[in-house]
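Protein chains in written order, with this note's numbering: chain F, 1 to 172; chain L, 173 to 453.
Errors might be hidden in some of the hints.
[To be verified] Chain F regions said to be covered by chain L (calculated; three or more residues, Cβ under 8 Å): (1) 7–20; (2) 47–53.
[As the list claims (entries may be wrong)] Here are some, though not all, of the chain L residues that point toward chain F, as calculated from beta-carbon distances under 8 Å: (3) Thr180; (4) Phe184; (5) Val187; (6) Met188; (7) Gln191; (8) Val195; (9) Gln198; (10) Ile219; (11) Thr223; (12) Val227; (13) Val230.
[Stated by the list, open to error] Some chain F residues close to chain L (C-beta under 8 Å, calculated; not the full set): (14) Ile68; (15) Leu71; (16) Met74; (17) Leu137; (18) Thr138.
Since the hints were made in silico from the structure, they are not lab data. What you are looking at is a predicted structure, and each value in this text was computed from that prediction instead of being measured. Glycine residues also receive a C-beta, built at the ideal position from the N, C-alpha and C atoms.
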Amino acid sequence: MKTAVVIVAIVAALTLQTTLAGLLAGGSIAVNLVLVAVVYLALSYGAVTGLLTGAIGGIAQDALAGGIVGLGGMSKTLVGFLVGVLGAQFNLSTTVPRMVMFVAATFVHQLVFEGLHAMIGGRHFSPQWTSTLVQALTNALIGVLAFALVENGPGAMQRRRMHRATLSKRRF
Amino acid sequence: MLDIRKRTGYIFLAVMIAQVILVSAQVQTRSGTRALQAVTFGVFSRIEIGTASAVDKVRNVWGSYVGLRGARAENEYLKQRVAALEVQLKMEHAQAARSERLQALLDLKSQSTIPMLAAEVIAGNPDTVMRTMTINRGSDDGVTADMAVIAPGGVVGRVIGPVAPHAARVQLLIDRTAAAGAVTERARAGGMVVGIEGDPPLRMDLVSNLADVKTGDAVVASGVDGIFPKGYFIGQVERVQRGSGLYQTITVRPGVSFSSLEDVLVVLTPPRPATRDEAPK
Numbered sequence: 001m002k003t004a005v006v007i008v009a010i011v012a013a014l015t016l017q018t019t020l021a022g023l024l025a026g027g028s029i030a031v032n033l034v035l036v037a038v039v040y041l042a043l044s045y046g047a048v049t050g051l052l053t054g055a056i057g058g059i060a061q062d063a064l065a066g067g068i069v070g071l072g073g074m075s076k077t078l079v080g081f082l083v084g085v086l087g088a089q090f091n092l093s094t095t096v097p098r099m100v101m102f103v104a105a106t107f108v109h110q111l112v113f114e115g116l117h118a119m120i121g122g123r124h125f126s127p128q129w130t131s132t133l134v135q136a137l138t139n140a141l142i143g144v145l146a147f148a149l150v151e152n153g154p155g156a157m158q159r160r161r162m163h164r165a166t167l168s169k170r171r172f
Numbered sequence: 173m174l175d176i177r178k179r180t181g182y183i184f185l186a187v188m189i190a191q192v193i194l195v196s197a198q199v200q201t202r203s204g205t206r207a208l209q210a211v212t213f214g215v216f217s218r219i220e221i222g223t224a225s226a227v228d229k230v231r232n233v234w235g236s237y238v239g240l241r242g243a244r245a246e247n248e249y250l251k252q253r254v255a256a257l258e259v260q261l262k263m264e265h266a267q268a269a270r271s272e273r274l275q276a277l278l279d280l281k282s283q284s285t286i287p288m289l290a291a292e293v294i295a296g297n298p299d300t301v302m303r304t305m306t307i308n309r310g311s312d313d314g315v316t317a318d319m320a321v322i323a324p325g326g327v328v329g330r331v332i333g334p335v336a337p338h339a340a341r342v343q344l345l346i347d348r349t350a351a352a353g354a355v356t357e358r359a360r361a362g363g364m365v366v367g368i369e370g371d372p373p374l375r376m377d378l379v380s381n382l383a384d385v386k387t388g389d390a391v392v393a394s395g396v397d398g399i400f401p402k403g404y405f406i407g408q409v410e411r412v413q414r415g416s417g418l419y420q421t422i423t424v425r426p427g428v429s430f431s432s433l434e435d436v437l438v439v440l441t442p443p444r445p446a447t448r449d450e451a452p453k
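Isolated chain F (complex conformation) (with noise of 0.2 Å):
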């Protein structure tokens, strides 16, 4: 089940974002939603799942992209590491915490996915503030509200029950 929507999640996710490029052909998409199905998924699984879904859906990205394959992977596997030992660490169940943990994994990812291509791909390090913090907030929105959709609907309580065991057996 765990996999089918993981894997359901980055599909959806690539094909969105795909879709979006498309559609604003020319301009720049102030979103990331590999990265916010990644945050999401390893606030609601673990870190396992986080870095798998990370990896998995940095490396598709990647290849799609055209650039070099892995940069995007790397930097969404450490993500979504991070983020689910936090969410295990913390109380991240409201809306504001969510909030601070996807702007936060947007900054992190950004950083080293530039980081990283500076240093592999030659390229000159500068991270563009602005923009980043423009998509942070929209992945922020997304994410949050992605959250509330899964948890006030349809079979809510159920999933919540569900969740609640998870994270009795999750120790990490």
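With chain F held as given, fit chain L onto it using these hints.
Frame of chain F, contents of chain L only:
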């Protein structure tokens, strides 16, 4: 047993190392990722094509829907506008025609020294036997029975009783039981105009075979009936036929178009007894 904390760390390290190797392979030769890129792109491109097609369809449908709604709204607006303009045009035409009729009535009223009262035709008579109409003037306005009703085109008929306070019935000259003393304007041949069933709907009786009457002669009221003012136009001679007896058969085309009467004048002079001879004293 492996600690889950350690297991997560190992998985993280393994995944990261695998990606470092992947990246290293690309930086060296780029040959290692071509297959991966090709497969990923090949698979995902189908999803993208499907999504793009779906999005295009949705956009087309939406665009068509919005366009259609706009066109429909515009069409409705234009239809309403055309209908409103048609109504306005008809009203203006009617207003212009009414103005002309009223002007003609006013001219007629001002030319005449006889007191007259303008009246509006408010109803016709559905009965085909009796040819009457109702006007919006009655006894309160001074209208009494046997008063003459005229129009710019000529004699219309006479008021018949009973007269209501605010309305009166008018017997048209073309009614079969109506009659008016008449004379041809050119030859002064006297006779009596009566209504008939036919076309034209008037006939001039009692005109001697010896009288000089020609087609096109104007027929005017002689005044001998004591109702219709002397000299008022009735119609024009359309056919003249010399009869085997004493009188000619003359049909008259009325000057008034009875089918489109809307405004008339009531001659307020009370009727006087009919005279046998119209010759001046």
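Outcome of the hint check:
Evaluation of the coverage hint for the stretch 7–20 of chain F: fulfilled, as 5 residues show C-beta separations to chain L shorter than 8 Å, against a requirement of three. Restraint check on the stretch 47–53 of chain F versus chain L: 4 residues with Cβ-Cβ distances below 8 Å, three needed, restraint holds. With a least beta-carbon distance of about 5 Å to chain F, the hint placing Thr180/L at the interface is held under the 8 Å criterion. At about 5 Å, the closest approach between the beta carbon of Phe184/L and any beta carbon in chain F falls short of 8 Å, and the interface hint on this residue holds.
At about 5 Å, the closest approach between the beta carbon of Val187/L and any beta carbon in chain F falls short of 8 Å, and the interface hint on this residue holds. Hint status for Met188/L: holds, given a least beta-carbon distance of 6 Å to chain F, under 8 Å. Annotation: interface hint on Gln191/L holds; nearest CB of chain F at approximately 4 Å, less than 8 Å. The criterion of a C-beta within 8 Å of any C-beta in chain F is met by Val195/L, whose closest approach is roughly 4 Å, and the hint holds.
Below 8 Å, beta-carbon pairs count as interface contacts, and Gln198/L has one with chain F at about 5 Å; its hint therefore holds. The beta carbon of Ile219/L is positioned within 8 Å of a beta carbon in chain F (closest approach about 6 Å), and the interface hint is therefore held. At its closest, the beta carbon of Thr223/L sits 5 Å from a beta carbon of chain F; the interface hint therefore holds under the 8 Å criterion. Using the Cβ-Cβ criterion of 8 Å, the hint placing Val227/L at the interface with chain F is satisfied: the shortest such distance is roughly 6 Å.
With a least beta-carbon distance of about 11 Å to chain F, the hint placing Val230/L at the interface is violated under the 8 Å criterion. For Ile68/F, the interface hint holds, since its Cβ comes within 8 Å of a Cβ in chain L; the closest pair sits about 5 Å apart. Given the 8 Å rule on beta carbons, the hint for Leu71/F holds: about 6 Å separates it from the nearest Cβ of chain L. For Met74/F, the shortest C-beta to C-beta distance to chain L is roughly 5 Å, which falls under 8 Å, so the interface hint holds.
About 26 Å separates the beta-carbon of Leu137/F from the nearest beta-carbon of chain L, more than 8 Å, and the hint is not met. Annotation: Thr138/F was flagged as interfacial toward chain L, and the flag is violated, the nearest CB pair being 20 Å apart, outside 8 Å.
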